[in-house]
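With the hints as constraints, model all of the structure from the sequences given.
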Amino acid sequence: MSPEEKSSKEQELQKEGLLTIHSAKEAEQPFLYSVGRYGSRFLEEMQKNKRFVGVRCPKCGKVYVPPREVCGPCFVKMEEEVEVGPRATLDTFTIIRFPYIDPETGDLRPVPFGYGFFKIDGSDTLFQHYFPIDDESKIKIGLKFEPIWREERTGSVRDIEQFVLVEE
Amino acid sequence: MARRSAIVATGQTHHRSIRRDVNGQEIINEAVTRCLEDGDLTINDIDAVVIGNMDHFEGINYVDCWSVDGCGGFMKPTIKLTTGGTTGSTLAIAGHHLVASGAFEKVLVIGWEKNSESDTTGAINTAFCPIWDRPFFAGAIAGLSVTAQSYADRFGATPKDAARVAVRDRRHACLNPYAHLRKEVTIEEVLASPMLADPVCLLDMCPRTDGACAVVYAAEGLAEKMCPQPAWVHGVASRHMFSYVSDADFAGGSLFSMERAAQELYKKTGIKEPLKEIDVIEMYQPFSWAGLIWTEDMGLCKKGEGPKLVWDGVTDLGGELPINPSGGVVSTNCIGATGLIRAAEVALQIQGKAGERQVPDVNLAIATGFGGCLWTDMLAYGKNKPE
Amino acid sequence: MDKAAIIGIGMTKAAGRVKEANYAELVYPAVVAALEDAGITIEDIDNIVTTSNDFWDGRTISSMATGDVSGGYDRNVSCVEGDGAFGAFYGWCRALSGHYGTTLVTAYTKGSESVSPYITNAAFDPIYVRSLGLDMVSGCALQARRYMNRYNVSEEQCAVVSSKNHRNALNNPNAHLQLDLSVEDVMGSRMICEPMKLYDCSPVSDGAVAVVIANEEKTKKFGKKPAWIKGVSFCMDNYLLGDRDLAECAALEKAAKQAYAAAGISNPRKEIDVAEVYDAFSYQELMWTEGLGFCEKGEGGKLAESGATGKAGDMPVNPSGGLLPSHPVIAGGLIRIAEAVRQIRGEAGDMQVDKDVGTALAHGVNGVAGQSHCVWILGKE
Chain U
1 MSPEEKSSKE
11 QELQKEGLLT
21 IHSAKEAEQP
31 FLYSVGRYGS
41 RFLEEMQKNK
51 RFVGVRCPKC
61 GKVYVPPREV
71 CGPCFVKMEE
81 EVEVGPRATL
91 DTFTIIRFPY
101 IDPETGDLRP
111 VPFGYGFFKI
121 DGSDTLFQHY
131 FPIDDESKIK
141 IGLKFEPIWR
151 EERTGSVRDI
161 EQFVLVEE
Chain W
169 MARRSAIVAT
179 GQTHHRSIRR
189 DVNGQEIINE
199 AVTRCLEDGD
209 LTINDIDAVV
219 IGNMDHFEGI
229 NYVDCWSVDG
239 CGGFMKPTIK
249 LTTGGTTGST
259 LAIAGHHLVA
269 SGAFEKVLVI
279 GWEKNSESDT
289 TGAINTAFCP
299 IWDRPFFAGA
309 IAGLSVTAQS
319 YADRFGATPK
329 DAARVAVRDR
339 RHACLNPYAH
349 LRKEVTIEEV
359 LASPMLADPV
369 CLLDMCPRTD
379 GACAVVYAAE
389 GLAEKMCPQP
399 AWVHGVASRH
409 MFSYVSDADF
419 AGGSLFSMER
429 AAQELYKKTG
439 IKEPLKEIDV
449 IEMYQPFSWA
459 GLIWTEDMGL
469 CKKGEGPKLV
479 WDGVTDLGGE
489 LPINPSGGVV
499 STNCIGATGL
509 IRAAEVALQI
519 QGKAGERQVP
529 DVNLAIATGF
539 GGCLWTDMLA
549 YGKNKPE
Chain D
556 MDKAAIIGIG
566 MTKAAGRVKE
576 ANYAELVYPA
586 VVAALEDAGI
596 TIEDIDNIVT
606 TSNDFWDGRT
616 ISSMATGDVS
626 GGYDRNVSCV
636 EGDGAFGAFY
646 GWCRALSGHY
656 GTTLVTAYTK
666 GSESVSPYIT
676 NAAFDPIYVR
686 SLGLDMVSGC
696 ALQARRYMNR
706 YNVSEEQCAV
716 VSSKNHRNAL
726 NNPNAHLQLD
736 LSVEDVMGSR
746 MICEPMKLYD
756 CSPVSDGAVA
766 VVIANEEKTK
776 KFGKKPAWIK
786 GVSFCMDNYL
796 LGDRDLAECA
806 ALEKAAKQAY
816 AAAGISNPRK
826 EIDVAEVYDA
836 FSYQELMWTE
846 GLGFCEKGEG
856 GKLAESGATG
866 KAGDMPVNPS
876 GGLLPSHPVI
886 AGGLIRIAEA
896 VRQIRGEAGD
906 MQVDKDVGTA
916 LAHGVNGVAG
926 QSHCVWILGK
936 E
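Protein chains in written order, with our numbering: chain U, 1 to 168; chain W, 169 to 555; chain D, 556 to 936.
It is possible that part of the hints are untrue.
Unchecked claim - If you want the ones that stay clear, here's a sample from chain W, every Cβ over 12 Å from chain U, calculated:
no.: 1; residue: 170
no.: 2; residue: 212
no.: 3; residue: 213
no.: 4; residue: 215
no.: 5; residue: 224
no.: 6; residue: 302
no.: 7; residue: 310
no.: 8; residue: 415
no.: 9; residue: 442
no.: 10; residue: 445
no.: 11; residue: 481
no.: 12; residue: 526
no.: 13; residue: 529
What the hints assert, rightly or not - Within a straight-line C-alpha distance of at most 30 Å, the following computed DSS-like cross-link-like pairs (lysine-lysine) qualify:
no.: 14; chain 1: W; residue 1: 521; chain 2: U; residue 2: 15
no.: 15; chain 1: D; residue 1: 935; chain 2: D; residue 2: 776
no.: 16; chain 1: D; residue 1: 780; chain 2: D; residue 2: 910
no.: 17; chain 1: U; residue 1: 59; chain 2: D; residue 2: 574
no.: 18; chain 1: W; residue 1: 436; chain 2: W; residue 2: 351
no.: 19; chain 1: U; residue 1: 138; chain 2: W; residue 2: 328
no.: 20; chain 1: D; residue 1: 776; chain 2: U; residue 2: 25
no.: 21; chain 1: U; residue 1: 48; chain 2: D; residue 2: 574
no.: 22; chain 1: D; residue 1: 825; chain 2: D; residue 2: 910
Derived from the structure by calculation, the hints contain no laboratory data.
All values derive from a computational prediction rather than experimental measurement.
Yeah, the Cβ is synthetic: ideal placement off N, Cα and C, and Gly gets one too.
Written as structure tokens, this is what we have:
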């Protein structure tokens, strides 16, 4: 529904005595999330050294990226830090074309954008990020990508601008 | 003593895009009233209330406490569960455990959602890890589209195959007075609808719905007296693995949690040939492609053969194993209620009360739930008491 | 219901902010401790109930964050959204429903990561009440005023509870705040929301707790030091504050009555040896001791003043300190259960009450101003 159609529908409903309460900025709930020990190492390496680290399970050998304390299937604590990447293979992807409200900003997320799950070389889990969609036909599962690092990095996944296709 | 339990009464609202005429408590009360009427009960007959929705859709904290006027939990034990999309099936499982354990004789289970009250995708995004997943995620649509992409890549399934599933469910929904979308669609219409996230189009995807559903579980000994045909719980299984969506193995698009839950459920219930032994399935199938992939993951056919099963008409009403005679989730998705609606619809099938969408001779039925981080719940209900 | 017991408990040290841990890293040590305490491994757990709150976590589907660290991978896992005592109730049912035998129940909150008045304001009705800006503190202050007016309860009597509980926490290595507060210290603290002063209010803490509940067969197999579950009940009152008689706790009375009946208790004051109750605010311990039948209506203040509820008294309440010094929100009620288990085992260290403990009571609350109460009775046999 367009904004015009929406507000005239609202007016109709109001005439029927069916009111609403709108809550937007009042509903804002600021959070200060703790990244945790393991995640902090990952962000720190991205920010300072433009490299990826994962953690290896001593029992099953699986390398987790982003790293976390516990291997879910084995239920053991992981300690061994492993460098992975810098390149990654595209495991799966989609192109988001519908607009929606981003809960982080309260504003509409600009679309379309490329959304991919990347298996960073050496890791056994996936890493989500953007990819450019200027030529959609080039994007295929199994192709190699590499990260484009931002000049100014703050210790967040946004320190990478996006992953781009490695064109051999 | 652990004992058997059964669903003896169900009620649901006529699901709609926007129920502006009722607030949350009122929509809950509609479903509860209908359910109690269905069971010829009053709220005084109920020993405990279990309720759920997905919090950030309505922005209400401690929903169990807030819901008293609607759920009838006044001066009763009331408890809330929420696991996102699986909420409804998680609730259905809880109702069973609360009765089977001996804690209560009659439990009212309620699932509800007023999806019109917020931005669905935005709210779903808050479910995911704020540090790794949320910056990129685009809700259920994104999470599901990537599985379709993987599946198509491995097995060559096409958007047309997926569209056939949507056509089936939307046709079934026309026979269900409670369904939200009650208009058939054609394959062409599905393929021509706006692309949301490749390869998923608008008509491949579930709608956003306001609705509520309630069921009553009763203990054996009582259930037989309360209705002529209780829907007996034969088994339940859940797999809520993965805390990060990127931990999933998307290769081939399979729903790992469903494979594991199905394996456990079949073992518990003694099902060896699901296609033959199950009479009807209400699958929490939030988009059309799942109707291809998850039939394989449930063991109804080999990997990659989902499209054949669907094109052969096996899963249509009238086929060997109808899936979603209610129209399923592609026709109605009031998220907190949806999993419970699957259980309610399966109960109606067993009770022979499913009207025009009735499948003949239902002995064993499965209801599934999906949601969260690619999680699955499964429940098996039967006409006869389990062993 | 069939017999079941709590066979393992584990918790983290609560703190104002556990900066180095995210939710998963907060819960994992509690789970490991509970398994170790029970003398089992994760393989012996056949199902899990996690307890958390979406608003406090800033994540809808809050159960997602701690699934892996609770052993949820490839196991049957569910959740309860509400105080941990209610989560444990569901865990108890699951251990007795015939499918499973050993349930792991976890509960946690990182209260430090949000702005708590916004979180608890969201519990108020969005149509009529929320925009008034009420939150847990002001909502409970309304109740405190109502109760104190009706029964002539003084601020000093509330302060006695606060001083007792803060001082009890000096013996509790897991408590967030360890303050040696006198009644004068409490009375002299700044007014937060009339009639409640700073030390009449619990803090908001980060913390996690886990327990293992096993049916009789599994308890016999694993349980080294079982605390048997004798009776559990919960009950929810009306929602809008004006729909209830805030000076009374009808829901608690009903839950207590049912739990006592199940446990075969007819004289709680005599038959309960120790109680861990949900005292988010000092007035609440007074109200709940009345609702639990430890004294007559309106006499909670006198009970506190008499010293009966002290560690050496005949009706010790909150020897761990309760919530007033340490309040990791959702973990609150489950920590009460864990502390009651410790008392039953005689393993509460410096918190152990003087009298012999054969029967202990634990209590959890959900909602604003004690809307919904869960009462647990645990026994040595």
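Q | Distance rule for residue 170 of chain W, whose beta carbon must clear each one in chain U by more than 12 Å | A | Answer for residue 170 of chain W: holds, closest chain U Cβ roughly 27 Å.
Q.
So if I understand the rule, the pair passes when the alpha-carbon distance is 30 Å or less; does residue 780 of chain D with residue 910 of chain D pass?
A. 19 Å, holds
Q: Take a quick look at whether residue 138 of chain U and residue 328 of chain W sit within 30 Å of each other, Cα to Cα.
A: 23 Å, holds
(Q) Confirm or reject: residue 310 of chain W is not an interface residue toward chain U, with every Cβ-Cβ distance exceeding 12 Å. (A) Residue 310 of chain W is in fact no farther than 12 Å from some Cβ atom of chain U, at 6 Å.
Q. Closest CB-CB distance from residue 526 of chain W to chain U, is it above 12 Å?
A. 36 Å, holds
Q. Are the Cα positions of residue 825 of chain D and residue 910 of chain D separated by 30 Å at most?
A. The given pair, whose Cα atoms are some 12 Å apart, holds under the 30 Å limit.
Q: Determine whether the non-interface label on residue 224 of chain W survives the test: each CB of chain U must be over 12 Å from its CB.
A: Residue 224 of chain W is in fact no farther than 12 Å from some Cβ atom of chain U, at 8 Å.
Q. Is the nearest CB of chain U more than 12 Å from the CB of residue 302 of chain W?
A. 7 Å, violated
Q: Quickly compare the C-alpha distance for residue 935 of chain D and residue 776 of chain D to 30 Å and report which way the hint goes.
A: 17 Å, holds
Q. Holds or violated: is the Cβ of residue 212 of chain W farther than 12 Å from all Cβ atoms of chain U?
A. 32 Å, holds
Q: Assess, step by step, whether the Cα of residue 521 of chain W is no farther than 30 Å from the Cα of residue 15 of chain U, and give holds or violated.
A: Violated - the C-alpha atoms of residue 15 of chain U and residue 521 of chain W are around 39 Å apart, more than 30 Å.
Q. CA of residue 48 of chain U to CA of residue 574 of chain D, is that 30 Å or under?
A. 21 Å, holds
In this structure, the earlier hints numbered 5, 6, 7, 8, 14, 18 and 20 are contradicted, and the remaining ones agree with it.
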